[in-house]
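Asker: Residues per chain are reported as follows:
2 protein chains.
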Amino acid sequence: MPKLDFDVITMGHGSGGLLTQRLLQSGVFDLLKNEHLDQQHDGALVDLSGKVAFSTDSYVISPIFFPGGNIGELAVNGSVNDLSMCGAIPRYLSLAFILEEGLRMEEFWEVLVSIQQASLRAGITIVTGDTKVVEKGKGDKIFINTSGVGMLHPRAQISWQAVKPGDKIIVSGNIATHGMAIMSRRKGLEFETTIESDTAPLNHLVKAILDEAGQDVHFLRDPTRGGVATVMNELASISKLGIDLRQTEIPVDDQVMGACEMLGLDPLYVANEGIFLAVVDPAAADRVLDIMKNDEMGNRARFIGEVTSAHSGQVVLQSAIGGRRVVNYLTGDQLPRIC
Amino acid sequence: MPKLDFDVITMGHGSGGLLTQRLLQSGVFDLLKNEHLDQQHDGALVDLSGKVAFSTDSYVISPIFFPGGNIGELAVNGSVNDLSMCGAIPRYLSLAFILEEGLRMEEFWEVLVSIQQASLRAGITIVTGDTKVVEKGKGDKIFINTSGVGMLHPRAQISWQAVKPGDKIIVSGNIATHGMAIMSRRKGLEFETTIESDTAPLNHLVKAILDEAGQDVHFLRDPTRGGVATVMNELASISKLGIDLRQTEIPVDDQVMGACEMLGLDPLYVANEGIFLAVVDPAAADRVLDIMKNDEMGNRARFIGEVTSAHSGQVVLQSAIGGRRVVNYLTGDQLPRIC
Chain A
0 MPKLDFDVIT
10 MGHGSGGLLT
20 QRLLQSGVFD
30 LLKNEHLDQQ
40 HDGALVDLSG
50 KVAFSTDSYV
60 ISPIFFPGGN
70 IGELAVNGSV
80 NDLSMCGAIP
90 RYLSLAFILE
100 EGLRMEEFWE
110 VLVSIQQASL
120 RAGITIVTGD
130 TKVVEKGKGD
140 KIFINTSGVG
150 MLHPRAQISW
160 QAVKPGDKII
170 VSGNIATHGM
180 AIMSRRKGLE
190 FETTIESDTA
200 PLNHLVKAIL
210 DEAGQDVHFL
220 RDPTRGGVAT
230 VMNELASISK
240 LGIDLRQTEI
250 PVDDQVMGAC
260 EMLGLDPLYV
270 ANEGIFLAVV
280 DPAAADRVLD
290 IMKNDEMGNR
300 ARFIGEVTSA
310 HSGQVVLQSA
320 IGGRRVVNYL
330 TGDQLPRIC
Chain B
0 MPKLDFDVIT
10 MGHGSGGLLT
20 QRLLQSGVFD
30 LLKNEHLDQQ
40 HDGALVDLSG
50 KVAFSTDSYV
60 ISPIFFPGGN
70 IGELAVNGSV
80 NDLSMCGAIP
90 RYLSLAFILE
100 EGLRMEEFWE
110 VLVSIQQASL
120 RAGITIVTGD
130 TKVVEKGKGD
140 KIFINTSGVG
150 MLHPRAQISW
160 QAVKPGDKII
170 VSGNIATHGM
180 AIMSRRKGLE
190 FETTIESDTA
200 PLNHLVKAIL
210 DEAGQDVHFL
220 RDPTRGGVAT
230 VMNELASISK
240 LGIDLRQTEI
250 PVDDQVMGAC
260 EMLGLDPLYV
270 ANEGIFLAVV
280 DPAAADRVLD
290 IMKNDEMGNR
300 ARFIGEVTSA
310 HSGQVVLQSA
320 IGGRRVVNYL
330 TGDQLPRIC
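Those sequence lines, one after another, are chains A and B. According to numbering that gives the first Met the number 0, the first sequence is numbered sequentially starting from 0. According to numbering that gives the first Met the number 0, the second sequence is numbered sequentially starting from 0.
Please keep in mind that the hints were generated in silico from the structure rather than gathered at the bench. Keep in mind it's a predicted model, so treat the numbers as computed, not measured. Careful, some of the hints might be misleading.
Because identical chains share one entry, a pair is satisfied inside a single copy or across any pair of copies.
Claimed, not checked - The calculated lysine-lysine pairs, modelled on DSS-like cross-linking and capped at a C-alpha distance of 30 Å, are: (1) K186 - K135; (2) K163 - K32; (3) K137 - K186; (4) K206 - K239; (5) K50 - K206; (6) K2 - K32; (7) K239 - K32.
If we strip away everything but chain A, and leave its shape as in the complex, we get (with noise of 0.2 Å):
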């Protein structure tokens, strides 16, 4: 962290006027450098043509620093797996902090640097920001928006119309593992686990799937907020198809399993940063499964279900044991401020 003549964030950071300044010009620009931020204007002017996606995610999580990660990095990787669902390649993000005055700098700095960081893993670049203060108790230390463009890939065709009965589901990785570090943490709820946070950038490993698979690729979403089992239901609702889930075929870790026995939580339901579902024409199912088994992103990829006509609009489970038993949306909140 560079030297500094304050150590926490006041309302004055807030003002637009000299300690905002200050706050910026003490590093935090020299931080994200780039020819876009450079011109600290009120936007920043990029290149872009044809089909563009234009996502938005806001970022509460508590707490800020969790096992495997914090707010800045989810931030980042955030917005560019919500381009990268919608079979984009993310280029660009813009980053706007709420933060809380007392907030130490020491906290705010190691979270620009891990936004940093991630930008750089992920590819992007960050040209345009904000930054509001509110008073102590009228926040929560830091919250970020991140919102992001990026060019549609030439052959991506991703959209809930695309699925159809046979289309096979593949879960790229191990469910349930961002929730459960997070709970991990919960002041209260403390346990001893290793487990951290997957929080990851996809862009990479979903460019690579659309470069083979193409238009086979219908459909993409990673599971944050409220699990595999809402994803499921939102695109069982929308297409009024129904899906097959297989228990035993979905991928959960040792700890993780332990952790949700633990605390009577349903893996299904708990949130996952590093993780997406894709639903792919059988006739190409195979190579998207060995791209990303071959991809250290999705090496645990699994077929974990099918879509199907039946019961439509229904997401209908088959346990371990052989019984089988319809996967309903959340009612209530499990685990608020995930993300």
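For chain A, the structure is supplied; the task is to place chain B on it using the hints.
Answerer: What follows is chain B alone, placed relative to chain A:
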């Protein structure tokens, strides 16, 4: 407001599960309906090509309802104006909420309706969104982030590098109005006034100016947080040019001036929402002023000063009584959470 089976926002509305679905389908999607939102994906696909402007801003204004508007229209107009100041034609906005648990649905609905109306007025489309909920006491009713994209106006060449000595500085309307409207409703500070926020979309007027004057418009900026003094200081600092302002030419409403005097505030530092500063080549300055004066958004426009090669990096004000003083950056935060 549609009939709902809930009156307040709960943590479950941010779960990504059934309650989130119910909240969005309670009328929110219908209100903001368009082909992009109908896809209900993690991002939206839009058509853009060439030079694209991209901006972001979070809104944490308190109170969320104020004379002349609310946080919803402020968030739409704010990003529309950020894009306009880049010389772009705003097209698409993202919309991300951080709601505080316990927020009354009636208040949220009023904000949503105002977002819809502001979108229509500005002629932009909200294409993607996000909703998070934080516990009571960890937020403050509603924070909104809007990010925006738009096409660069074909004749626009806005940048501080284009600014040169002799350029005329125009303000499009009365200054300090928004800030004083908010202050009049601040807890512990309430005073009787009919001052209303000037929040408004500036894109139509900016387009008219660029259609006419093109690259003779060197710089545009809306003086929000920190007011006219801050924007002028930023321009002086980055361009290493001087700026001369004439106090007698800077338009301030009588009531606003009275309120500023009562509170000991300098209107030059007070936040604005519906006005902008244009730095224009002298050859085109009269034409630009005429266009502004003939537009509802700019009918109080005035020349307020010039760019100079003297006093590099400094803003100098010639006061009403003939003296000259340096106008510095604001230190501290005069009016926290003004946008």
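Asker: Hint by hint, note whether the structure agrees.
Answerer: Hint by hint, here is what the structure shows:
1. Proximity of K186 and K135 under a CA criterion of 30 Å is satisfied in both settings, with 19 Å inside one chain copy and 16 Å between copies.
2. Within a single copy, K163 and K32 get their C-alpha atoms only as close as 45 Å, which misses the 30 Å cut-off; across copies the closest is 26 Å, which meets it.
3. In this homomeric assembly, K137 and K186 come within 30 Å of each other (Cα to Cα) both inside a single copy, at 19 Å, and across copies, at 15 Å.
4. Taking the shortest Cα distances, K206 and K239 sit within 30 Å of each other inside one copy (28 Å), while across copies they are farther apart (45 Å).
5. Taking the closest pair of Cα atoms, K50 and K206 come within 30 Å of each other both inside a single copy (16 Å) and across two copies (24 Å).
6. Proximity of K2 to K32 under the C-alpha cut-off of 30 Å is restricted to the intra-copy arrangement: shortest distance 18 Å within a copy versus 49 Å between copies.
7. Taking the shortest alpha-carbon separations for K239 and K32, only the inter-copy value of 21 Å comes in at or below 30 Å, while the best intra-copy value is 47 Å.
Violation of the numbered hints given earlier is absent; every hint is satisfied by the structure.
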